[in-house]
Amino acid sequence: MASAARDRTTSRPGRTLVVLACLWLAVLVLAPLAGSTAVSPAEALEPGTTAATIVWQIRLPRVLLALLAGGALAVSGMGFQTLFRNSLAEPYTLGVAGGAALGAVLALHLTPHLVAGWLSSGAAPGSWEGLAGFGAVATASFAGALGATGLVVGLAVRRRGIETATLLLAGIAVSFSCSALILFIQYLSDSTQTFRMVRWMMGGLAVVGFREVLWLAPWVVAGAAVLLALRWDLNLLLTGEELAASRGVDLGRLRLAILGVTSLMVGAMVAVTGPIGFVGLMVPHMLRRWTGSDHLFLTPACLLGGGVFLALCDLAARTVMAPAELPVGVLTALLGGPFFLWLLLARRGDG
Amino acid sequence: MTAATSSDTSEHPLLSAREISWRPGERTVVGPLDLAVHRGEALAVVGPNGAGKTSLLRLLTGLLTPGTGELALEGRPFREFHRKELARRIAYVPQLRPIRVPLAVEDVVLLGRYPHLRPLQMAPEAADFRAVAEALAVVDIEDLRHRPVDELSGGERQAVYIAAALAQEAELLVLDEPTTHLDPRHQREIASLIPRLRRDAGRTVVFATHDLNFASLTATRVVALRAGRVLADACPGEMMTPEILEKLFDARFEIVRPGERPVTLLRLEP
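Heads up: the sequence lines are chains A and B, in that order. In this text, residue positions in the first sequence follow our numbering: the first is 1, and each later residue adds one. In this text, residue positions in the second sequence follow our numbering: the first is 352, and each later residue adds one.
Everything labelled a hint here was simulated from the structure, so no lab data went into it. Think of the CB as a built atom: it goes at the ideal place given N, C-alpha and C, for glycine as much as any other residue. Hints are not guaranteed to be accurate.
Within a straight-line C-alpha distance of at most 25 Å, the following computed SDA-like cross-link-like pairs (lysine to any residue) qualify [stated by the list, open to error]:
1. B:K435 - A:L228
2. B:K435 - A:L251
3. B:K435 - A:R85
4. B:K435 - B:N400
5. B:K435 - A:V226
Under 8 Å between C-beta atoms, here's a sample of chain B residues computed to sit facing chain A [as the list claims (entries may be wrong)]:
6. T412
7. L414
8. V452
9. D458
10. Y465
11. P466
12. L471
13. M473
Excised from the complex, chain B in its bound form (with noise of 0.2 Å):
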């Protein structure tokens, strides 16, 4: 990753989005909230179902847009990007649906490379089959390079998806639900890919889960939605208290600390 370090850059969050709510019919489903991503950082939202969490995400990619506020890359508004110049900067792993796709993993994770195709370029170049065989190798998944993807496992196809975004070679990685469906094989798995993401491929990643000793496990900060709203915004230590989290689900947990973070356990009486 070449991440721009020059001065007038790092003054500004990777991403930020400024009172941006969204409101697509009646209610409103996002917002009006604040939030900033920094570069490095894994950032978990959490919060029940309806919080909005999936369509926090779309925001954050630019595939909403906000019908109020702005969200910015490094200062400079989402509006004044180009389509491709942001899935350049930002790429998007949706929730894992179950939909025939008859291609085979490399051609899916070539897939990753279309913001950096020209117009009408027919074939992939060098750098793109060399970006392909990197996310290949980050997510562990070389050995599964010819085979159909719809033969592959859940957890399998979701790494595919995952290395399709690093061939994207967009600084920012925003996953939405990357566990929901997966056995524990495979969701500790992605847990040990995402500190992987962030310090050996240098990338910032975002990502929604239920999972809260996912969160706790992997993210840097995680945030808690409950409609719309960000009701609370801290590291796993102190998001996960039986205070926020009964205010947050509804729902009593107890917490236990078997090692450095914080273990949430549902409890299971009124």
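One chain only, chain A, in its complex shape (with noise of 0.2 Å):
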């Protein structure tokens, strides 16, 4: 039986996690080399050059932060695809982005002369520290995110625990509530604050630093952790949350966990980047197809593919159209509506 186990290294899946490692070294070595003008590794290596300073200063941690943040949107999708035994659950589901967006459009709309660090555009000089050290938008955005979350979460919460059907409908009822109330905070807006609330949601990963970077490493590698240690449980949840509990799951601490790791990881991210779309989608389906469904492999898988691709998309994003550059969010977007359908038609295809 010893052999069974030793098999799955080798397996398909534990292939699988081999390329996506490769792939991801490659990215992070490459990207940053690639761009509206190319640099050759010579050029990057030697001090002091604009080309090394461009690099080194403003591609790679940008890299870096879509590597980081798409792994958090893949690794965060699993685990609602898995809570909520439905493929089409995403990281936002649950009101996450909705939340993160009022904090910031209402941080834009009171701090109309301030600038947070990475929205530099447009905006005056001269920049407002916030909580965590980063720019007010940023802070707000953060805690709309855990606001929107421990508002659904306290919604759902039922004397025996949490139930998944509630933990939907609040989710669903909280989002609302968050579009509604940036429509109006628009509409009391001028057209500045306007533009640059339109902006933010429209996710992207320009202008940022390595202190974006080392703030969300954390948060997303723990996250992804997490998961990973709840590798049982959460195959458990795929056989059916009754069978999962006659086995000593308690599923409202599961589900209590599952909620808090990937709000965390998300709200980390989208204080960051602003909401990114579909690559929390689109990315656990397209690994489930090579790793198979057990969280052992899923998990990093997930980490690594979905940083891989956020990071070519906005590779795409900075280059087609260069030198004007594309918000990564909108390109994702672009992808993600045909993948949709894609995913309903084959739904009902071998249902």
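Build the complex: two chains, separate frames, hints provided.
And the structure:
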């Protein structure tokens, strides 16, 4: 029987993980060299040149952020799809993006002359440092994300724990309320503010430094580690909640753990990048085809594959219209619509 | 199976329910009732739709907590057990539902080992793989082990979940409607499996069923449940009488005895 265990490391899921790890490293090394102007490795390694500055100070943190943010989205999308046993669930299903957007919009409205660290376009200099050493917008957005999740969980808590169906309905209710409040705030704002709000909600990876990367990394790594440690619990959820409970899983605590971990991860990410859509929906699906559904393989595959996917999308977003840049959130949304349709039709096909 | 044989535990039935009732809303679904399950039994729970069979099984496994009364395993109350500790003693196979389970047979059976895993244990151990192999052998589905569960027929999937419950190495197996939706051949396979689980694997089995003949052929004892209460509790030969069955189902039956066990025939005239 030990050979069965050994088979697993050389099995298709194992090989897929190795391929993904190689792709991840390749993207990390090569993507900073590509862009509106390509830089050769020799130029990049020559200190003091403009090319080296662009690669090391601008493009490398951006690629790292894309790798982390994409990983966070895919891992939390995976967690939600397993929790709700629904392939159409994604990280934003419970309104974490709506809460984050509401926080950001509120901050943009209340601080018209202040600049959030990462959002410098067209705004006056002089920045206001938020609680976490970040711009007001990022701080307010993180608070909004956690507030929305807290509200959803609070609404869904029953005497015997959290009910999944109530959770979904509460998520929809909170999302709609956030959207309504955002429209209301936009109506009260002037056109410059409104433009910045719309731009924020497109989601993007522009103008980041290493500070954002260092802020996001621990959330993402810790979140993925917790979900990996819950490997057996998540696999049991695939066979049904009743069966899981009969084996000794505390469903209420498990749901709370998945929700807490994904909300922190996605909230931290959205605070830095704005809501980037569809990665959390698409990537886990694509990866299940190669790694299967065992969360031992699927979790690291999502962390790596989501990062690679978003970094490649961002590479496309900053090259196809060069020197102009497309917000990466717009690009993933453009890809996401058709993918969503395909998913619906494919599901009907094998049903 | 390592059946506990020390003198202090053998005094108690394996599982005992005392005055338990369950009332989720306005209506009492189960009880109040008393029930004892003895080691080595195959206990069938029969009754009309809505009699509370599934709820009773869920109470017996600890999935539901009774509103009143107490459940005990070998005399020790359920509430003194940790969830996983109870799961190492009682395994549950819910009614088969058409949900998609994107895992291979072997993976699903391995999940039966969950209550035996230590916190944060990532990889299964030799004992886990041994339990999986034994369970696959008892249920006779070794040839399916690498197949995706979604590709299997209903009968094969039922066998997989029973194997997973066996891998759990619990002495009490609780099965909810194990033959529903199965064709006669698979019904026969499950029917021949239950005595095997008792005799060869040393398990005690409790199952709910709508199939009176399945109950008559496989059970050592039958409990008739109506409106949450125990209407009758007897061996199949005594239970399968036109009088009891008519009281139970509001339908008339004829009993024939082609062999040792009675066979029931539903009469269609009003």
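Verification of the supplied hints:
| no. | hint | in the structure |
| --- | --- | --- |
| 1 | B:K435 - A:L228 | holds (20 Å) |
| 2 | B:K435 - A:L251 | holds (13 Å) |
| 3 | B:K435 - A:R85 | holds (23 Å) |
| 4 | B:K435 - B:N400 | violated (31 Å) |
| 5 | B:K435 - A:V226 | holds (20 Å) |
| 6 | T412 | holds (6 Å) |
| 7 | L414 | holds (6 Å) |
| 8 | V452 | holds (5 Å) |
| 9 | D458 | holds (6 Å) |
| 10 | Y465 | holds (4 Å) |
| 11 | P466 | holds (5 Å) |
| 12 | L471 | holds (6 Å) |
| 13 | M473 | holds (7 Å) |
The structure fails hint 4 only (numbered hints given earlier).
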